[in-house]
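There are 2 protein chains.
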Amino acid sequence: MSSPSYDVCAIGNALVDVIADASEAFLQEHVITKGGMTLIDAERAASLYDVIGPTVQVSGGSAANTVAGIASLGGRPAYMGKVKADQLGSIFRHDMHAQGVMFATSPTAERRQEVREAVVDRRRGAPTGRCLILVTPDAQRSMNTYLGAAVEFGPDDVQTDVIKDSQITYLEGYLFDPPEAKKAFYLAAKTVRENDRQLALTLSDVFCVNRYRSEFLDLIKSEIDILFANEHELMALFETQDIDNAVAAARSCCELIVTTRSEKGAVISQGKNTFTVPAAPVAKVVDTTGAGDLYAAGFLFGLTQGMALDEAGRIGALAAAEVISHYGPRPQKKLKDLLNLKSAVA
Amino acid sequence: MSSPSYDVCAIGNALVDVIADASEAFLQEHVITKGGMTLIDAERAASLYDVIGPTVQVSGGSAANTVAGIASLGGRPAYMGKVKADQLGSIFRHDMHAQGVMFATSPTAERRQEVREAVVDRRRGAPTGRCLILVTPDAQRSMNTYLGAAVEFGPDDVQTDVIKDSQITYLEGYLFDPPEAKKAFYLAAKTVRENDRQLALTLSDVFCVNRYRSEFLDLIKSEIDILFANEHELMALFETQDIDNAVAAARSCCELIVTTRSEKGAVISQGKNTFTVPAAPVAKVVDTTGAGDLYAAGFLFGLTQGMALDEAGRIGALAAAEVISHYGPRPQKKLKDLLNLKSAVA
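Order-wise, the sequence lines are chains A and B.
For the first sequence, this note's numbering assigns the number 1 to the initial residue and increments by one for each residue that follows.
For the second sequence, this note's numbering assigns the number 1001 to the initial residue and increments by one for each residue that follows.
Among these hints, one or two may not hold up.
Below, computed lysine-lysine pairings styled on DSS-like, alpha-carbon distance capped at 25 Å [unchecked claim]:
no., chain 1, residue 1, chain 2, residue 2
1, B, 1336, A, 284
2, A, 182, A, 164
3, A, 34, B, 1333
4, A, 334, B, 1284
5, B, 1221, B, 1284
6, B, 1183, B, 1221
Covered stretches of chain B (chain A as the covering partner; in silico rule of three or more C-beta atoms under 8 Å from a C-beta of chain A) [stated by the list, open to error]:
no., stretch
7, 1025 to 1031
8, 1086 to 1095
For the record, the hints were derived by calculation from the structure and aren't laboratory data.
Every residue, glycine too, gets a C-beta built ideally from N, C-alpha and C.
Take the sequences, apply the hints, and build the full model.
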């Protein structure tokens, strides 16, 4: 088998983040689940947007943030996800390409240009999805996601040739929310298996785990080579309050498990081996959005470069530290330069 | 005459800023005038967007930034400017309202809904304008403006009742670029004069001054009560290399002149009096976009609150210092809190 063209191919809900500061009282008044990701419909998205403060718009989407991080580190990532051919969709597409990510999923409106004009008018479809992110003074982020065009991602959008040509395929747990994306998820998994590549999954969110627990467990046991989760997601998956029990349960299902624990660092488990990697220092945590996404970016980059697991974990910690030191879910600095700086100091 | 409802009413080109980091070499390669504002057409906007790095989108527009700052300080501002009813236009509108600015200019596409469908399709009009801002490592910003829907702002969009009801009307020099906006500018000036309010102008940009020097000079002599400029703009207006000569020349044309000089602070001239106000300290200058806009915000806020000129100048310096300490042209912190902090310390 020839060496793959891509280090990591990710599939996810393609979203633009709309970020605003908010107080604790605001979250309570508007019944927003703190720290979680709540799915909202178009109407709720509009009414919530009306009451939030001034916003910053940046490309987001969990797996998309991860591949942006991999590109910033110097890796070769690909991405699949659905936007509409509208202004927010253009922003998402631009940022993928500008960061160096291969991204060729056709947007929804383009396809519809193929049908005749009258039909185009009637079936204009949902706009590019967005995530309204409210950042409280403690730097915690509370996400309200209107999936929009992302719900139209389906098996036809899975470029199996790209998956065949990727060392690792990385999937979001969030993909279980749009029905067609879930089918795409299984097609991607099948393609990975048939081509003897590796499949990685992130559990995404505690509420997401609660929605799809049994499906996630089946999938992890049968298909997943590398599992990413934060401690709360892993405990939710195995319905335990004890992180050691959760990690032990995960070990019996999956070969390689990366569990992030915020400022307590990460635990990397492979077979009988366990590595504990400390969190990288951060002068001031501004916005925790993207912390898990960027940890995965650093770890996957290290892994695909052939580094040891603990070294890959340290790159994850560095990438996560950069992203939580500013607003927005993607690196503002070229992460490759951070690695060079670290080498220069060491 | 009753007390006005608004402290400041601003008219400007309504734009969304698209911000990316860039190197000096990139500016040279793509023939971008460093530190200036260059008007670009739709084609150039698209080709430049294709080659710049990942971006952040935030509402901008010079006078719009100023009124956002006034609202953030606790003042009562209004704004007039033209967007299209598209996604970027929604972002601009949201941010004005979320900040507490009265903004009711009808967007271009809404009006067109009044004509029959067939016409709507043919005359879809330009999208909301945007400014591609490239920030070099020295924190200097180079602006490339595609005016888009802003060119459709005209005299019909001037809400004369709002101008009558505003203590000060503040106009951008940039309004001279779109032909219809220039007509609106003169209507606004006439309304101010007839209602015995005050008219303020910012010279906006050296290249803008060079485009409209004689018109600006006529206008300042006949209509302007308060002139804002940075030292380079003022020297360009009077075609001198000497800032003292430029200020002296300005004094013979205008009652109150606020000249900003970056880290050298500001010079405020009223009749025979001159106040020199130092710049406020900034730990690290990240992006100078909006420095002049926010200086004007602080000064106009102070002035409309009845403060002494030097005190108003100090509020301008504080507001400018906040905005250059992060990416984007509008305050990230509630500026009112900075004033309170300062009072608490003093």
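Structure-based check of each hint:
no., hint, verdict
1, 1336/B x 284/A, "holds, 23 Å"
2, 182/A x 164/A, "holds, 19 Å"
3, 34/A x 1333/B, "holds, 22 Å"
4, 334/A x 1284/B, "holds, 19 Å"
5, 1221/B x 1284/B, "violated, 39 Å"
6, 1183/B x 1221/B, "holds, 18 Å"
7, 1025 to 1031, "violated (count 0)"
8, 1086 to 1095, "holds (count 6)"
Against the hints set out earlier in the document, violations occur for numbers 5, 7.
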